[in-house]
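Please build the complex by placing chain D on the supplied structure of chain W, with the hints as guidance.
Next come the chains, spelled out residue by residue.
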Amino acid sequence: MALRPYAAGQAALLKTRAPPRRSIAALPNGPCAEGQTALRPAAAQDQRELMTDLATLVSQIDATWFGSGMSASSMERLADMAREYEAPARARLLREGDETKELSVLVDGRVALTEHVAGRGSVTLMTVEPGDVFGWSALITPFKATSTVVSLEPVKVIAFDAAALRDEVRSDCELATGIYPKLLEALARRLGATRHQLLDLYGSEQTEPW
Amino acid sequence: MIELDTRAWLPREGLDRLIALLREDGRKVVGPTVRDAAIVYDEIGSSADLPTGVTDEQAPGRYRIHKGGNGNGSAGRSFDFASSPTSWKSYTYPASVPLARARRDGDEVEYSAIGHDAPRLAYLGVRACDIAALAIHDDVLTGGPYIDEDYADRRGKAFIVAVECAVPSGTCFCASMGTGPEVSNGFDIALTELDEGYVVKTGSEAGQQLVERLELEAPSSLQMHAAAGVGVEARAMMSEQLGVTTEGLKDRLVAQLEAKGWDEIAERCLACTNCTMACPTCFCTDVRQTSDLLATETVSERQWASCFTLDFARVAHGNFRPRVKDRYRQWLTHKFSTWVDQFGTSGCVGCGRCITWCPVGIDVRESLLQVAPLRPPMEQTQQPVPVSANPGRYSIGTIAEIWAETQNVYTLKMKDLPESVCAGLPGQFLMLDLPGFSAVPISISRYREDEIFLTIRTEGASTRAITSLRPGSQIGLRGPVGRGWPMEEAFGRDVIIVAGGIGLPPLRPLIDNILARRGHFGRVKLFYGARAPKDLVFTEELKAWAERDDIGIGVTVDRAKVGTWSGAVGVVTHLFDREPIDGSHTTAYICGPEKMMSAASNSLAGRGILPEHIYLSMERHMECGIGLCGHCQMGKYFVCKDGPVFSRRELGVSLDMEGL
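Chains as they are written, first to last, in the numbering used here: chain W, 1 to 210; chain D, 211 to 870.
Next up, chain W with everything else stripped away, as it sits in the complex (with noise of 0.2 Å):
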């Protein structure tokens, strides 16, 4: 396959691909065409409540990595609280500011975490992969969302109610022993992750002499 030759200056683009489902994170869609970049507004009608029994709930939850390793009976409870709803492309899940409502996890597609620098634009500071966890901020104080998600993709949710959530983790103590390290290390991984983009190791200040 030869490789064609770019123009000065002109940006990479991408075909569009569509993503199977997959335990990798696949080569990227396509950039919107000119004018798409405003996202639509967060609403219900964006997301499509499915009727998901308990049990399939408790065993999709379980599939996925924040629930891999609960005990059964705080797996019910969670599943309880929970609903599960599917959103397309493009679709604002949460934004910045306001009030967490719900912990979510995704089970399937990709969202982004963005947020909104003037003179920017919105800018993604990470994307969540499938059965990580958004919406932390609905068991911390002051439970309002650090950034405004986007779904990159359709994408499949699990969200837990936050206040029902939060009362419960106060006196189920088995609940709270199966929730909190797994937020913890969802964090401590993000933060990780958010030192070393902030080091921009991959720009160009290398020590390179030539």
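The hints are simulated quantities; they were obtained by calculation from the structure and are not laboratory data.
Just so it is clear, CB atoms sit at the ideal spot from N, CA and C, and this is done for glycine as well.
One or more of the hints may lead you astray.
Some, not all, of what chain D presents toward chain W, calculated at C-beta under 10 Å [what the hints assert, rightly or not]:
id, residue
1, Arg512
2, Asp745
3, Val767
4, Leu785
5, Pro803
6, Glu822
Using the frame of chain W, we list chain D on its own:
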């Protein structure tokens, strides 16, 4: 009074006098003799019982003796053979030794030891390898804190008449194990056989006294010279056949406990235990009890056992080594690796008996290479590089095409190259030079029949100048130099490739080669991270690879604008830190900024991949590329010639050490 280590001359007919003296001392003399188409160690009466004129032929799974000399004038010699089917172990550590008696009477039990009263023996014709084996048994069985009394008794009553090996067999490898062929210690008397007789050397008080009683003369200088030549000749003969590289063997073996080679060998092995019975250092035993029907009188015996038997590692609830592969691996790794940890020396003396007497001809020398292949040590990777040793001289290549991969990364397709350039290996690099600018090290990012690709990021004056050239321009190049990615380390294993930023180009030839020989590898995955979507290189390639189903691709960027990128954003380690990885069966290759390589290798090591299976490509300031200018030193290594590819184990603490 003859001094220790004096030489004396024993004419051929004098050997009978030696044997007679030993018998007068109340010793039985055990020596080599022909029986059942083999040369075995048995009681002998005189030199007539010796295998005079008999030679042996040994090869894996093959043993033959030949009478009537071996055609080089040895018609009258008695020790022109190598090893026997069993060793002196049959006498020092017999196959069955009664230990104790036990009585059981109603509720009472009573034990009484059975006294040791081994006969006094003289061993005639002990080879250097067998002397080394006796020393090993001394360590194992009497080194403490518990002493095998029967062995100590027999050992103390043994008089050793050693014999220098003149004719090693095809399975001998004592020279590479450092135990022979010359006899240096551990004997009472040593004989070096020449056609007319023996040069005698004493090695102990007892030996001295015996030689004195023989009233021998000193050997002539001609005889001394000939005797000295015997060991040299034997060593030379052995150097032409396969040996064992003991350097680093101990560590190499334990690093390969999961190697596929074990299964391959196990398919042939019958677990017949011949090797352990023939081996002079194997010491595993059973304690067997035999009793009368009512178990009132029981005798317990120490009997030879073998780790190859199915029941050797069995316990009531199961078996720790149920497979032949487990047991073969136990034997080989114990003999050559863990024995060193336990007793300070290797357990093998290189006698070759296990090779000769294996019915299917498994050769441990080859087995070791199969499961723990050699990685050339640092000093030996320096193959003659087809470049000028003058750092100012370069060969010439022409740019056939040049294009931009990203805003500051360009690929040059080079033609009209010296042959050696296209024959380079993945991971090697060239020193590129444009007159007037300092030379730069650039990894080759693809090999074709008679072209190569160089992918360069513009950073300074040199790279800016080079990437501004047009097709048709010439560049000076030196190389390929450096130690590249060891692809054979991944044969039969899963492969993980982690690239960061400009680290993907040096890995591309490796990916090309792996895909070209895809059947040799397990699962193959590439994880690539860059600063931003516009900094991704080889995007067409990545798409093509992503469409294949025999390689998995994961891509991430550190930062992206919403709406322009719907792929993963985050660090490259997040692409695989939750991936299912079989650490013991994976080899990893990593290239990118040092901190990223460090994070990636730590993450992978945490998943069970051993540091000797993780490879990184390092960079340092280079000027000559051939290890002469000193700039690229990193600890004890020259990155240009000892690297740029190193295993994580080789790097050790250098990787994260500031200011190194």
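Hints and how they fare:
1. Arg512: 50 Å, violated
2. Asp745: The hint holds - Asp745 of chain D has a Cβ within 10 Å of chain W, the shortest such distance being about 7 Å.
3. Val767: Hint holds; Val767 of chain D Cβ to chain W Cβ min 9 Å, cut 10 Å.
4. Leu785: Because about 6 Å separates Leu785 of chain D from the closest Cβ in chain W, which is inside the 10 Å limit, the hint holds.
5. Pro803: 4 Å, holds
6. Glu822: With a minimum Cβ separation of about 25 Å from chain W (threshold 10 Å), the hint on Glu822 of chain D is violated.
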